[in-house]
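**Student:** Sequence:
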Amino acid sequence: MTGVPASAAGGSGAKPVRGGKLGTAAVNQASLWNIANILTMVRLLLVPGFVLLLFHNGGYDPAWRSFAWAAFAIAMITDLFDGHLARTYNLVTDFGKIADPIADKAIMGAALVSLSVLGDLPWWITGVIIARELGITLMRFWVIRHAVIPASRGGKLKTLAQGTAVGMYVLALTGPLATLRFWMMMVAVVLTVVTGLDYVRQAVVLRRKGLAAERAAAAGRAAEATEEALQAAAGTTVGGTAEGTVGAGSTAGAVAGATDVRGGVTDVRGGVTDVRGTAEARDAAEAER
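Using the working numbering, you'd call the opening residue of the sequence shown number 169 and step up by one each time.
Since the hints were derived computationally from the structure, they do not count as laboratory data. Quick reminder that beta carbons are idealized off the backbone N, C-alpha and C, glycines included. Don't take each hint at face value.
[To be verified] Here are the simulated SDA-like pairs of lysine to any residue, each with C-alpha atoms no more than 25 Å apart in a straight line:
(1) K377 x G303
(2) K324 x G343
(3) K265 x L325
(4) K265 x R369
(5) K324 x D262
(6) K273 x R313
(7) K324 x G303
(8) K273 x R369
(9) K324 x T342
(10) K324 x I312
(11) K377 x K273
(12) K377 x G388
(13) K273 x L213
(14) K265 x G388
(15) K273 x V357
[What the hints assert, rightly or not] Ranges of calculated distance between the beta carbons of each label pair, as one might list FRET restraints:
(16) I298 x A390: 21 to 29 Å
(17) V210 x I298: 20 to 28 Å
(18) F309 x L345: 53 to 61 Å
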């Protein structure tokens, strides 16, 4: 329950890169059957086996509870190994993303509920831890569209404290060890609450930042669309104005041409009139002679 999915996968044929980031290529090339996913599936299968061992022979047999503790310990150790393998060798699958946190919550939840049913652990402790784990899981889905809440050191310490305390309760301890396991559980409860509140704070901050980024992006897209619309409108206006100018020039030219033609006709008519007048004056002069 480290908060980082163990999402293992392999069979890509590519040389693993230690400490490399999980890229899209790694996700696409990852195979379902790989060591990390197998460890996750083993942890899932250990959940019913752990419950059967714990409740065998009435639930208070020290030997069977020791077997149950061994199953619980193996489950917790595989949680560390599959996560380490997935992060180190870039082994990622969708199955791992879903199955790993389910396996984490299943083994811890089964142990807490079983111990409360047996009367070894107060129900309020079980309720606080389970409510916190389920709440944080839902909160991760709440903000996953904006960002991923990283696993903190406090969260890893909380997981270690929970595993140690629950493992001590699974064993049939008496005397000072029984007192020690109680205080270890109190430490686990405190860390559970404190880290849970810190995750809530991170989720709220990340969601606000994500929403602000989305609003800024939407405003940028709207500004670009407005600018494109203005440019398109300006281009249409300039084209219309040019066409109007050409049309006006053509009309003016036509009017001027028509005026010139009319003037030419008038000049011709005037010339004809002058010719006629000259001829009549010459005829009159000849008659007087």
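**Student:** It remains to establish, for every hint, whether it holds in the given structure.
**Tutor:** The hints, checked one at a time:
A hinted pair counts as satisfied when its Cα atoms are at most 25 Å apart, and K377 with G303 qualifies at roughly 21 Å. Of the pairs offered as hints, the one joining K324 and G343 is violated, with about 29 Å between alpha carbons and a cut-off of 25 Å exceeded. Our distance criterion of 25 Å between C-alpha atoms is met by K265 and L325, whose separation comes to about 22 Å. Taking the CA atoms of K265 and R369, the gap is about 24 Å. The hint holds against a cut of 25 Å.
With a C-alpha separation of about 23 Å, the suggested pair K324 and D262 falls inside the 25 Å cut-off, and the hint holds. The straight-line distance between the Cα atoms of K273 and R313 is roughly 22 Å, inside the 25 Å bound, and the hint therefore holds. For the proposed pair K324 and G303, the alpha carbon gap of about 17 Å is at most 25 Å, so the pair holds. Restraint check: the Cα-Cα separation between K273 and R369 comes to about 22 Å, which is no more than 25 Å; the hinted pair holds.
Simply put, K324 and T342 have alpha-carbon atoms about 28 Å apart, too far for the 25 Å limit, and the pair is violated. At most 25 Å may separate the alpha-carbon atoms for a hinted pair to count; K324 and I312 meet this at roughly 20 Å. A threshold of 25 Å between alpha carbons decides the hint, and for K377 with K273 the separation of about 29 Å lies outside it, so the pair is violated. Straight-line distance between C-alpha atoms of K377 and G388 comes to about 16 Å, which keeps the hinted pair within the 25 Å bound.
Straight-line distance between C-alpha atoms of K273 and L213 comes to about 13 Å, which keeps the hinted pair within the 25 Å bound. At roughly 34 Å between alpha-carbon atoms, K265 and G388 are farther apart than 25 Å, so this suggested pair is violated. Between the alpha carbons of K273 and V357 the distance comes to roughly 16 Å, so the proposed pair stays at or under 25 Å and holds. Remark: the range hint 21 to 29 Å for I298 to A390 is contradicted by a beta-carbon distance near 45 Å.
In this structure, V210 and I298 meet the distance hint of 20 to 28 Å, their C-beta atoms being roughly 23 Å apart. Under the hint 53 to 61 Å, the C-beta atoms of F309 and L345, about 39 Å apart, miss the expected range.
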